[in-house]
Amino acid sequence: MTRDAGGMAIETAGLTKRFGSQVAVNSVDLSVPSGSVFGFLGPNGSGKTTTIRMLLGLVTATSGRATVLGHDMPGNALAVLPEVGALVEGPGFYPFLSGAANLHRLDGADRLAPSATRSARVETALERVGLGGVGNKKVKAYSLGMKQRLGLANALLSPRRLIVLDEPTNGLDPQGTREVRSLVRSLTEEGTTVFVSSHLLAEIEQICTHAAIMSVGNLVAQGTIEDLRSVGAPTVTVSTPDAAETASVFATLGLAAEITHTDDAAVVTAQLGTVDPDAIVPALIAANVRIRGFSVLRPSLEDLFVQLTGEGFDIVQ
Amino acid sequence: MFRRRRTLAMLGAVALIPILIAIAVRVSSSRATGRGPAFLDQISQNGLFVSFVAMVVAIPLFLPLTVGVVAGDTIAGEAGGGTLRYLLVAPAGRVRLLVVKYLGSAVFCVAASLTVIVFGTLIGVILFPTGPVTLLSGDTVSVGESLLRSLLVASYVTISLLGLSMIGLFISTLTDVPVGSMAATVVMAVASQVLDQLPQLDWLHPFLFSHYWLSFADLLRQPISWDSYGSNAILQGAYMVIFGALAYGRFSAKDILS
Chain A
3 MTRDAGGMAI ETAGLTKRFG SQVAVNSVDL SVPSGSVFGF LGPNGSGKTT
53 TIRMLLGLVT ATSGRATVLG HDMPGNALAV LPEVGALVEG PGFYPFLSGA
103 ANLHRLDGAD RLAPSATRSA RVETALERVG LGGVGNKKVK AYSLGMKQRL
153 GLANALLSPR RLIVLDEPTN GLDPQGTREV RSLVRSLTEE GTTVFVSSHL
203 LAEIEQICTH AAIMSVGNLV AQGTIEDLRS VGAPTVTVST PDAAETASVF
253 ATLGLAAEIT HTDDAAVVTA QLGTVDPDAI VPALIAANVR IRGFSVLRPS
303 LEDLFVQLTG EGFDIVQ
Chain B
4 MFRRRRTLAM LGAVALIPIL IAIAVRVSSS RATGRGPAFL DQISQNGLFV
54 SFVAMVVAIP LFLPLTVGVV AGDTIAGEAG GGTLRYLLVA PAGRVRLLVV
104 KYLGSAVFCV AASLTVIVFG TLIGVILFPT GPVTLLSGDT VSVGESLLRS
154 LLVASYVTIS LLGLSMIGLF ISTLTDVPVG SMAATVVMAV ASQVLDQLPQ
204 LDWLHPFLFS HYWLSFADLL RQPISWDSYG SNAILQGAYM VIFGALAYGR
254 FSAKDILS
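Line by line, the protein sequences are chains A and B. Heads up, the first sequence is in the working numbering, so the first residue is 3 and it goes up one at a time. Heads up, the second sequence is in the working numbering, so the first residue is 4 and it goes up one at a time.
Hints are supplied without guarantee of correctness; some may be wrong.
In the SDA-like style, the derived pairs of lysine to any residue whose C-alpha atoms are separated by at most 20 Å in a straight line are [unchecked claim]:
id, chain 1, residue 1, chain 2, residue 2
1, A, 140, A, 107
2, A, 140, B, 6
3, A, 140, B, 8
4, A, 142, B, 7
5, A, 140, B, 83
6, A, 140, A, 98
7, B, 257, A, 62
8, A, 139, B, 6
9, B, 257, A, 91
10, B, 257, A, 65
11, A, 140, B, 11
12, A, 142, B, 83
13, B, 257, A, 77
14, A, 139, B, 7
15, A, 142, B, 84
16, A, 140, B, 84
17, A, 142, B, 8
Coverage of chain B stretches by chain A, computed from C-beta distances (three or more under 8 Å per stretch; other residues unrestricted) [to be verified]:
id, stretch
18, 75-88
19, 92-98
20, 248-260
Hint data in this document are derived by calculation from the structure and do not stem from the laboratory. Glycine included, C-beta positions come from ideal geometry on N, C-alpha and C.
Sequences and hints are given; from them, build the entire structure.
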């Protein structure tokens, strides 16, 4: 297997998709490093799935280009896709066939998948997603979560270099969600790049090394999880009955205080900026300020997400 | 395809046509021999004729109906079930998928035609006397030769349905709703036959894909008249080329959003 130039599993430049007059994806430049677990975030309707469909050659881009595993898509789809496992927008299976028969059929659709090892690979994939006991049941008897697991099994049928998972934990119970996390970890240990789209931020924060955020078809942030977290400035919060004194100490340290009053105390917050957080408490004590609580908070991915994609609940497009 | 109950049910329905005809004729002929259409009446003299009569009954509607369901479902059914994207990502290859799907429909055409012939012959042998068959031209051929001609009829009808199958495949690439493409395919078959009946449009008739559907009777003459067999094959081939190209043009660049 050849390593692609620059160690990028997925790279896009100016990737754009228009449906009529509506721009679904607007000039997206994604860089997904090989071996990373890449979280692809965005509210519903932000263009995540359309981007994934372009990467997989299901949808033709209006303009721009996409490179997957070092090859242009969709031109090299037949060369690239055997090394890509995908779960796209929920599972799709024939209800009248068993889970195992469905996997056999999909594996048979891939000309490069060796038929000699097919039964063994189907069994292993089913075991891996916890469907070992029900592989011979017809899919119409499966629950939503079991179908989702079967979709994951399909993505794992062959050794892959890239796995694309669109909302993998949809419909899964908490155990299933945990299993998906450990599955993703075990895949990364094998060197597989995992590209996960989700709107469950906690999910992404726990398992991803990198992330990108989409909003209304635009890529608004991209980088390692640490980079993204540090985009937002950390804040310092002091809970104290002496709000006014705290504010004046903050002022001498060069912090702009914001005071929120509660029943018997106040909460004073400020953007930390370049101030050393360790210097704040001694300064407050020196000024005889009573301190009930002190914390320095880095913004969570969720704060950044909301900050970048807006508070509104309404779907923008 | 044959693991689907629907496919088996449709073949079962097709098999019922000769069986019902044979039973109906058997029951009525025991009361009043010699009544009814001349063609139909032949059955009571020779059971080997059941399959031919059943084919005449089946080809205008029943066979196009089942072929429409199978061919109309090819791509749209996968799209509607959400399996199309997984087949393409597997990757199946779009051209390869079209070819495989079309071959599947063609196999169904063979199966449906053979079902009429085989069940027609079986029920005919069970219910009626058999013996050398008198052809439409008045000549008589042996039982063996008549069975051979039955198979020829099956091949003729299979070829007749190949054009419609390709039309169904093309319509199936246009939509994600399988019921829509199935219905549209069946409507095409009916429309083609209706147009074929309008004398004002006789210039158009040789180009309608259903024009030679009933001409398999030419295979029941002595000597066999191969003209309609050849014309039919050429016509169906032309439909396969045209609608195959349309299906390819449509599907190879289609955005798969299902």
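Evaluation of the provided hints:
1. Annotation: proposed proximity of residue 140/A to residue 107/A holds, straight-line Cα distance about 14 Å (limit 20 Å).
2. Distance hint between residue 140/A and residue 6/B is fulfilled; the C-alpha atoms sit about 12 Å from each other, no more than 20 Å.
3. Proposed proximity of residue 140/A and residue 8/B is supported: the alpha carbons are some 13 Å apart, at most 20 Å.
4. The straight-line distance between the Cα atoms of residue 142/A and residue 7/B is roughly 13 Å, inside the 20 Å bound, and the hint therefore holds.
5. With a C-alpha separation of about 19 Å, the suggested pair residue 140/A and residue 83/B falls inside the 20 Å cut-off, and the hint holds.
6. For the hint linking residue 140/A to residue 98/A, the alpha-carbon distance of about 6 Å falls within 20 Å, and the restraint holds.
7. As the CA atoms of residue 257/B and residue 62/A are separated by approximately 8 Å, the hinted pair is consistent with the 20 Å bound.
8. Proximity of residue 139/A to residue 6/B is assessed by CA-CA distance (about 15 Å); at most 20 Å being required, the pair is judged to hold.
9. Our distance criterion of 20 Å between C-alpha atoms is met by residue 257/B and residue 91/A, whose separation comes to about 18 Å.
10. Proposed proximity of residue 257/B and residue 65/A is supported: the alpha carbons are some 16 Å apart, at most 20 Å.
11. Using a Cα cut-off of 20 Å, the hinted pair residue 140/A and residue 11/B holds, with the two alpha carbons roughly 18 Å apart.
12. With a C-alpha separation of about 15 Å, the suggested pairing of residue 142/A with residue 83/B holds against the 20 Å cut-off.
13. Pair hint residue 257/B plus residue 77/A holds up; C-alpha atoms about 14 Å apart against a cutoff of 20 Å.
14. Pair hint residue 139/A plus residue 7/B holds up; C-alpha atoms about 15 Å apart against a cutoff of 20 Å.
15. A threshold of 20 Å between alpha carbons decides the hint, and for residue 142/A with residue 84/B the separation of about 12 Å falls inside it, so the pair holds.
16. Pair hint residue 140/A plus residue 84/B holds up; C-alpha atoms about 15 Å apart against a cutoff of 20 Å.
17. Straight-line distance between C-alpha atoms of residue 142/A and residue 8/B comes to about 14 Å, which keeps the hinted pair within the 20 Å bound.
18. For the stretch 75-88 of chain B, the stated coverage by chain A is satisfied: 5 residues place a CB nearer than 8 Å to a CB of that chain, which reaches the threshold of 3.
19. For a cut-off of 8 Å, the count of residues in the stretch 92-98 of chain B with a CB near a CB of chain A stands at 5, and the three-residue condition holds.
20. Given as covered by chain A, the stretch 248-260 of chain B passes the check, having 4 residues with a CB less than 8 Å from a CB of that chain where 3 are the minimum.
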